[in-house]
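**Q** Build out the structure end to end from the sequences listed, making use of the hints.
Each residue of the sequence shown is one higher than the one before, starting from 1 at the first, in our numbering.
Worth flagging that the hints you see were computed from the coordinates, not collected in a lab.
Errors might be hidden in some of the hints.
DSSO-like mimics (lysine-lysine), calculated; alpha carbons at most 30 Å apart, straight line [stated by the list, open to error]:
| hint | residue 1 | residue 2 |
| --- | --- | --- |
| 1 | Lys-13 | Lys-39 |
| 2 | Lys-39 | Lys-108 |
| 3 | Lys-39 | Lys-104 |
| 4 | Lys-59 | Lys-39 |
For clarity, every value in this text was computed on a predicted model and none was experimentally measured.
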Amino acid sequence: MQKGGILNSHIAKVLADLGHTDTICIGDCGLPVPAGVQKIDLALTFGTPSFEAVVRVLKTNMQAESIHIASPMEEMNPHNYAVLQELYPQDRYEWVRTDHEAFKEATKQCKCIIRTGETTPYANVILQADCIFNDEK
Numbered sequence: 001m002q003k004g005g006i007l008n009s010h011i012a013k014v015l016a017d018l019g020h021t022d023t024i025c026i027g028d029c030g031l032p033v034p035a036g037v038q039k040i041d042l043a044l045t046f047g048t049p050s051f052e053a054v055v056r057v058l059k060t061n062m063q064a065e066s067i068h069i070a071s072p073m074e075e076m077n078p079h080n081y082a083v084l085q086e087l088y089p090q091d092r093y094e095w096v097r098t099d100h101e102a103f104k105e106a107t108k109q110c111k112c113i114i115r116t117g118e119t120t121p122y123a124n125v126i127l128q129a130d131c132i133f134n135d136e137k
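**A** Dropping the structure here:
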């Protein structure tokens, strides 16, 4: 649920339309987009925009209650894993960890996948919307 201003009209629309428990995905440039799921492609070049930059903007503009990652991210992508720990501390947000195949299966339920230019492995997260009147996070 949108908390502020995002210039990308497609992302702004998705955030404005989110309801409690709806999900969106922020993914690297290689994450497959399932048929029927809206893709919002921000990728310009390899690495631009980065996963971190997009996640930081979404954190400011979306009220989330949980995040879903593929388990290998912790070991295979420690930088972006640390970014998620900073933004979504495990004592305040539910963390769901699954294998990468289950993660890709979960993307089928997302309202959209925001594609970044990220090229590091497992730089993907699913954010689950919270109520905007529950603004403790």
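**Q** Looking back at the numbered hints, which does the structure fail to meet, lowest number first?
**A** Hint check: nothing fails, all pass.
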